[in-house]
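Trainee: Below, each chain spelled out in residue letters.
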Amino acid sequence: MVGMSVLRSAAAFAARLSPLKSGKSAANILTRTIPSIDKVAIRWGGHGKQLFVIKPTDFYDRRFLRLLQYYVLLTGIPMAVLVTCVNIFVGEAELAEIPEDYEPEHWEYYKHPITRWISRTFYDSPVKDYEKMLALVQIEMEKGEMRLKQLEVRKHMREKGDGPWFQVETIDKNLIDLSLKSTPDN
Amino acid sequence: MPQDYEKDAYPEPPRQTPVVDKQTTLPNPALILTKLFYYSVDVPVTTFRGIVDSIQQDRKPVYYHQKFRRVPELTECQEGDYPCYYEAEMQWRRDHKVDQEIVKVVQERLRACQQREGSSYPENCAKALQLFTEVATNYQSRYGDLGAYGSARKCLMKQKTRMETQKA
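Residue numbers (the working numbering), protein chains in the order written: chain D, 1 to 186; chain H, 1 to 168.
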């Protein structure tokens, strides 16, 4: 029962507990108007008159913000806890000189433990990537050289004609009927 | 605790704190504030750092500074030797990064000097200023207007034009 004064709510409660004591007879006890209407406490001090403020709904906005907060914090808090624990219990690395005859692993060049872990678990070493790139460059270079060489060879074979390319298949010479041209007067 | 900065690079002026000659019984507000700051901020932070250091004491990992071997430059590569071009390009990029960091460090030193000296920086910071102008002009002339897609080749061409204009 929103908007009731303290007095009214007290009367309603008392009426609920013992309906017959609120001054009603048993006949009209089931009517909904259990508290008496003539007691309207307008001048009750404190927060001023309670108003029923009519404003457009903010349910959807508040629901959106609530859900946003929930879903962001769902993974945000575990991640924050994880990163804090890593920073406290597994500290950052310290810079040191490379000892003699020691080749550090590729993840030993990073400072933060999570970066080191990512580099160790997921990434190839930069040396390997470099070599892979060099291999690709080498392959492409060889392909380019092959193509240029092929064009050069084509040119020469076409010109000179004594190579295996650009040979036109001719028929077997035994099949040629030379009787037509065998005598000069034919 | 982590290492402090190099004291010679960022020299501090000599301290001029006067001898305390208190003639009043009034409390010194500066002293009160410093004590307040000390107890409310410095002590908790230092103790926290001490706790964390004691947890991490024995098992600290170590990281190294990677050293790259020098490879032939772009000028020493045969024509058409693309792997050599690639290695020279990578070396040039690493050198470019190093030069950028050098400029940043020199800039930082000049800034620190200016902050220390206040309004008398033109005469007191002359060395730092001269070093910075030299480094900045050199950087500009070498890597200056290469643009976002700068490469070793373009830098070499820029050097060529620079040498030509110098000769002419």
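Note that these hints are calculated values from the structure, not bench results.
Wrong hints could be hidden among the right ones.
[Said to hold, decoys possible] DSBU-like, lysine-lysine: derived pairs with alpha carbons at most 35 Å apart: (1) H:Lys154 / D:Lys111; (2) D:Lys132 / H:Lys158; (3) D:Lys132 / H:Lys7; (4) H:Lys97 / H:Lys7; (5) D:Lys143 / H:Lys160; (6) H:Lys104 / D:Lys132; (7) H:Lys104 / D:Lys128; (8) H:Lys160 / D:Lys149.
As the structure is a computational prediction, the values presented were derived from the model and not from experiment.
Trainee: Next, verify each hint and record whether it holds.
Mentor: Do the hints match the structure? See the list:
Of the pairs offered as hints, the one joining H:Lys154 and D:Lys111 holds, with about 34 Å between alpha carbons and a cut-off of 35 Å not exceeded. Between D:Lys132 and H:Lys158 the CA atoms are separated by roughly 30 Å; this keeps the pair inside 35 Å, and the hint holds. For the hint pairing D:Lys132 with H:Lys7, the CA-to-CA distance comes to about 44 Å; that exceeds 35 Å, so the pair is violated. Among the hinted pairs, H:Lys97 with H:Lys7 is consistent with the structure: their alpha-carbon atoms are about 25 Å apart, no more than 35 Å.
For the hint linking D:Lys143 to H:Lys160, the alpha-carbon distance of about 31 Å falls within 35 Å, and the restraint holds. Between the alpha carbons of H:Lys104 and D:Lys132 the distance comes to roughly 33 Å, so the proposed pair stays at or under 35 Å and holds. At most 35 Å may separate the alpha-carbon atoms for a hinted pair to count; H:Lys104 and D:Lys128 meet this at roughly 31 Å. For the hint linking H:Lys160 to D:Lys149, the alpha-carbon distance of about 33 Å falls within 35 Å, and the restraint holds.
Violation of the numbered hints given earlier is confined to hint 3; every other hint is satisfied by the structure.
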